[in-house]
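Participant: Chains A, B and C, in that order, are what the protein sequence lines are.
Its first residue numbered 3, the first sequence is counted upward by one per residue in the working numbering.
Its first residue numbered 3, the second sequence is counted upward by one per residue in the working numbering.
Its first residue numbered 3, the third sequence is counted upward by one per residue in the working numbering.
Think of the hints as simulated: they come from the structure by calculation, not from any bench.
Hints are not guaranteed to be accurate.
Repeated chains share a single entry, so a pair holds when one copy, or any two copies, can fit it.
[What the hints assert, rightly or not] Here are the computed lysine to any residue pairs in the SDA-like style, where the Cα-Cα straight-line distance is at most 25 Å:
| # | residue 1 | residue 2 |
| --- | --- | --- |
| 1 | K101 | S114 |
| 2 | K144 | L54 |
| 3 | K101 | K156 |
| 4 | K117 | T236 |
| 5 | K156 | T129 |
| 6 | K124 | V153 |
| 7 | K144 | G44 |
| 8 | K53 | E232 |
| 9 | K431 | G222 |
| 10 | K357 | G430 |
| 11 | K264 | T107 |
| 12 | K101 | P260 |
| 13 | K101 | K144 |
| 14 | K259 | E115 |
| 15 | K53 | E262 |
One letter stands for each residue in the lines below.
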Amino acid sequence: MSMELTNQKLFGIIIGVGLLSGMLVAGVVLATIPQQSTPTPGKVTFTLVAKLSGFEGVGGTIDGKVNPDLKVSPNDNVTIILKAGEPVPHDWTLDSVGKSETVSTESSLGKSEVKFNFLAGKERVETYYCSIPGHFVTMNGKFIVGTPNQVQPKAASHLSNSVIKSPTDIPAPVGNRSAKNVEFTLVTKEVIAKIDDGTSFTFWTFNGTVPGPLIRVRIGDNVTLHLKNELNSTMVHSIDSHAINLPGGGAAYTQVKPGETKSFTFTPQWEGVFVYHCASPHIPTHISKGMFGALSVEPAAGLPTVAKEFYVGQNEVYTQFPKGTQGHQEFSDAKQLTETPDYVLFNGQVNALTKPGFTLNATVNTTVRIFFAVGGPNVASNFHMIGGVWDRVYYETDWTTPNMINAETIVVPPGSALALEMDITRLGKFILVDHALTRTFDKGSLGFLYSNLP
Amino acid sequence: MSMELTNQKLFGIIIGVGLLSGMLVAGVVLATIPQQSTPTPGKVTFTLVAKLSGFEGVGGTIDGKVNPDLKVSPNDNVTIILKAGEPVPHDWTLDSVGKSETVSTESSLGKSEVKFNFLAGKERVETYYCSIPGHFVTMNGKFIVGTPNQVQPKAASHLSNSVIKSPTDIPAPVGNRSAKNVEFTLVTKEVIAKIDDGTSFTFWTFNGTVPGPLIRVRIGDNVTLHLKNELNSTMVHSIDSHAINLPGGGAAYTQVKPGETKSFTFTPQWEGVFVYHCASPHIPTHISKGMFGALSVEPAAGLPTVAKEFYVGQNEVYTQFPKGTQGHQEFSDAKQLTETPDYVLFNGQVNALTKPGFTLNATVNTTVRIFFAVGGPNVASNFHMIGGVWDRVYYETDWTTPNMINAETIVVPPGSALALEMDITRLGKFILVDHALTRTFDKGSLGFLYSNLP
Amino acid sequence: MSMELTNQKLFGIIIGVGLLSGMLVAGVVLATIPQQSTPTPGKVTFTLVAKLSGFEGVGGTIDGKVNPDLKVSPNDNVTIILKAGEPVPHDWTLDSVGKSETVSTESSLGKSEVKFNFLAGKERVETYYCSIPGHFVTMNGKFIVGTPNQVQPKAASHLSNSVIKSPTDIPAPVGNRSAKNVEFTLVTKEVIAKIDDGTSFTFWTFNGTVPGPLIRVRIGDNVTLHLKNELNSTMVHSIDSHAINLPGGGAAYTQVKPGETKSFTFTPQWEGVFVYHCASPHIPTHISKGMFGALSVEPAAGLPTVAKEFYVGQNEVYTQFPKGTQGHQEFSDAKQLTETPDYVLFNGQVNALTKPGFTLNATVNTTVRIFFAVGGPNVASNFHMIGGVWDRVYYETDWTTPNMINAETIVVPPGSALALEMDITRLGKFILVDHALTRTFDKGSLGFLYSNLP
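Isolated chain A, as found in the complex (with noise of 0.2 Å):
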């Protein structure tokens, strides 16, 4: 059999791809099939509420698990009760035996409880989800018939870690000073941390967090900047920045073995802000990994006082296996090399900025600003703040005048930092996202600032 092939042949496949996935899933199916005797069937029920965050189990062994595995034996007798959890209508579909009748709280759009039967048959691993529209990704788990081999990911590992960057950790402004000598340590890290629940990921970061410190300077100041790398490092790490005018933005100085730690003397000589990232190879795995935050060099009078001020970095995991798998991830190249990752974090955690202690807290009348870097290192972050508008954006410009007022989106290239004004004129929630909105509500990007009462 001849495998010349050629481009189009390929692309053949691609378009075809439908007409060989249901062959694919039944060769696997018949591949994993152990040899073993007929176990006897029984009746299994599992009770699951439907929500888009997830099929949430109730009772048994399920109990409060989001899209937990079902697990039962051969020609088991199954019934799924399916609950609704909120108005939007869901159903649970199983390709080899259908789908369920439809659920909603809203009793136009489906039932409050639905019943859904039938035989489990042979062994197999197959996908259990919602069918309708755009519920898939976060609705969906793993149908277990018999004791098939399963590709598994590792076991999660300190899920009590976090690398989540506090948004209000950071220094106060330099004001109005004369240029005089600085100094700044930081430390890289490489920690495996909680990135979503139940899933862990080894980070390699700046100070333990990500993005890394925010770190502020005058223009004209005489900036020592050191670089420890932890001693149970595995790699070489450096740090460059887009505000150092020296070779590699410092990092021709700084590539520091486990142990060491490097410094070295620049004059930020550009106002505004700007991203610094490690710049070891392979650098946009280091990027990937954590490795990023954002340097601000403030005018000789100081910036404009405002009331708050926040601090966000934006960057995009790649993994091996989809977001919502629960156990330990591992990098995965081939996504990197696609461009389509599986996560993008604002500050190091799925939806980390909408967690109790790193929601974005202001005070109503008052204007914030927030710092934003995007580390990447391949995707734009489309940076926006839902029921609000960036009243002044200081895009790739000193702190002069801002370049863009009244902006809805902003397009935040990868390697790229800067300032946006917020002037909160009311009460509430708003809701920072990445605006191409399948990030934010798939892979993590989301984050939420209460306006309060002073």
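Chains B and C: place on chain A using the hints.
Facilitator: Below, chains B and C without anything else, positioned relative to chain A:
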């Protein structure tokens, strides 16, 4: 057999897919051959005219069809008569048998007509195509031997329905007037309609069109917005406008069930052009299916008068089958997750703004203004007018001063809208594109502007 | 068996691909084993130096080769001697047998040399690679057991040909002069040339280089453009410039057959820098293959004088096999459709502007101007100079006022060109990148600027 699999194994598969795909096709072919007696081979001839827009069938059952299914029996003796349809060279290729000679109406680039003869071989579905680089996407069809099983989309329906928003269907400018009470009603409608020739799709819309209506208000108006959800809707819908200084941009007040109407009042505070979109879960899907539009907040003195105004909206649609498939297309969650759309549309249908009654028609030596909204949900537009420039662009700013002039290609992120002015100084045709040109020429983001004598 | 398949089934496949890929590899291995007698196993040793740029062969048939094919017989006893080539840690991994210990020239990160011993096993082709995150793309090769069938690209040819446009090969500025008649001739040439070490590609070009020549005119000139298509071309070609106020930007007058010349005259009306590109069908393919350049329309008083001017063009190329494949690469329609290129290039070849004779060389304490054109056809550049900023950017504007200063990373959409100025205030090396860094470090968009003493 171990199913342990590292990310790199997976990647090996991806880069090795050329190797695999030949196998897979073979596997499918074998697997789909039903038991049957050998039919008597016959002689079959198909005549096709080769154009980049598709192979056009001539005579018999394929007459007038573009990229027709070519159906034969196993072991038939098949002749393809390929006729040149344009100067661009083309061939007819079937990987299992080879490719024809090249045809072109330009004699230096190919013959005017060629014959290609071969035996049909075993029962299968195989893709025929033109092998000239860039031609596959628009020039491919099915070569069907015998009666193999095929993955088929459902039949198209409601092809006479259209959600095209006329680019001239816009209200008059607000003009120079005092602030006052104004009222708007939007109706959310779920509509099966034509998305491309022979292809239908279930759109979700505001008022039955994509984009929804252009809403124009004066800064400081007291605006009441009513949102009605049609009784036969299957989903809750809502409205979030980036122009609205309220929770969720209004979405907090307008989660509207089928048959219900909700209303709220706001005062526009920021001048400019802003997107509105549905913000009911799953939000990106609601936008991709068509629920977005523009809201223009105009200054107290009114906008400068221009001769003509137009309204264009871009969104991208993710479907189960590739563009060009005849039938009813279902929404694809998977392609939305990887941000790889099948359709990129101006005003709700493939090449809508090139069709009679929907082109942009202006008068020479006048100025036109285009309101341009990008719903997304994920893909930024690179908005360009072939044969002209955007003389003045109001981009993330108020109406005071254009912040770009002489602009060739403008990046407009998903979740953004703006106004562009063009001084038309010559007669003729201008062409509106997303200058990520694969979208325009292979996915549908094409429009025409004609400059006419007064 | 039913072939009915929903979109979600397909999606299940995509997220379940980890499960599948192990199966598929196995399938290929089995399928490609020809009948043969068992060879006598022997001992085989390969020595490789591990660098992120690739595994370098030492000795024997692999001496000096990067990521060499490692050929053994079934059941050979194989030893890999892996030597550290740099501080970055590396290993040698073959999924079917495991991975070696880690090597690094930095003792805290790995050994200086390790041996890895295993039995070759059955006839197959398997990918070896480094398993450190981010290293797969540049560190992988083929481990070939026996003589299995392989998908092979055609042999490379014309590797001594180059389409690199020298960044200094640009005409003098127009200067302060009256408008006058000027004339330019472009010749469209289809050229097989080197795209990467060991890899050739069929470029389509203006004047034999990528980008095509920089064209400079004065506002108000009477410009005559002649477009000649070489006699041995296989396609019609044309020119569309965004600077030209004519139908198709000139494309309406210049659909030129092989051997033919067409001409037209225009008067530039808009100041600035604009892209030109071929606009013959299939247009995106013509651009991806190299047909684009920049046209600068300069003001009546001339441009401000700078010490040096450079010219850089970016396009992305879609090919059948991944970057790194030795041989002749065919164009991939499929990858163009999903906007996932294999190569992202500055000036027509992988890392062209890092090569002797093609770097950007400037004098310290002077200002340089870069004309930067992005052909695309689909991918926006995130243009950054490591170690510096863009001091003044003329972005979608005339030459009057830069609209960005102190700019770190500029989004330049496909179908756009602009001028950037940089004040070079220190000696040393600067690095030109697309800051979507996977493109730079894995796909080729890398260049060097050296600042020298006067």
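Participant: Work down the list of hints and note, for each, if the structure agrees.
Facilitator: Comparing the hints with the structure gives:
1. For a Cα distance limit of 25 Å, the shortest separation of K101 from S114 inside one copy, 16 Å, qualifies, whereas the shortest one across copies, 53 Å, does not.
2. Taking identical chains as interchangeable, the C-alpha atoms of K144 and L54 lie at most 25 Å apart only when both belong to the same chain, with a minimum of 17 Å there against 38 Å between chains.
3. Taking CA atoms no more than 25 Å apart as the test, K101 paired with K156 passes between copies only; the shortest distance there is 17 Å, against 32 Å inside one copy.
4. Proximity of K117 to T236 under the C-alpha cut-off of 25 Å is restricted to the inter-copy arrangement: shortest distance 20 Å between copies versus 52 Å within a copy.
5. For the identical chains of this complex, K156 and T129 are neighbours both inside a copy (20 Å) and across copies (23 Å), given an alpha-carbon limit of 25 Å.
6. Proximity of K124 and V153 under a CA criterion of 25 Å is satisfied in both settings, with 18 Å inside one chain copy and 24 Å between copies.
7. Taking CA atoms no more than 25 Å apart as the test, K144 paired with G44 passes inside one copy only; the shortest distance there is 19 Å, against 46 Å between copies.
8. Taking the shortest alpha-carbon separations for K53 and E232, only the inter-copy value of 23 Å comes in at or below 25 Å, while the best intra-copy value is 43 Å.
9. Taking the closest pair of Cα atoms, K431 and G222 come within 25 Å of each other only across two copies (23 Å); inside a single copy the shortest separation is 39 Å, beyond that limit.
10. Taking identical chains as interchangeable, the C-alpha atoms of K357 and G430 lie at most 25 Å apart only when both belong to the same chain, with a minimum of 16 Å there against 46 Å between chains.
11. In this assembly of identical chains, K264 and T107 lie within 25 Å of each other by CA distance solely across copies; the values are 18 Å between and 61 Å within a copy.
12. Taking identical chains as interchangeable, the C-alpha atoms of K101 and P260 lie at most 25 Å apart only when they sit on different chains, with a minimum of 23 Å there against 55 Å within one chain.
13. Taking the shortest alpha-carbon separations for K101 and K144, only the intra-copy value of 15 Å comes in at or below 25 Å, while the best inter-copy value is 31 Å.
14. Only between protomers do K259 and E115 lie at most 25 Å apart by alpha-carbon distance; the minimum there is 19 Å, versus 60 Å within a single protomer.
15. For the identical chains of this complex, K53 and E262 are inter-copy neighbours only, at 22 Å across copies versus 50 Å inside a copy, given an alpha-carbon limit of 25 Å.
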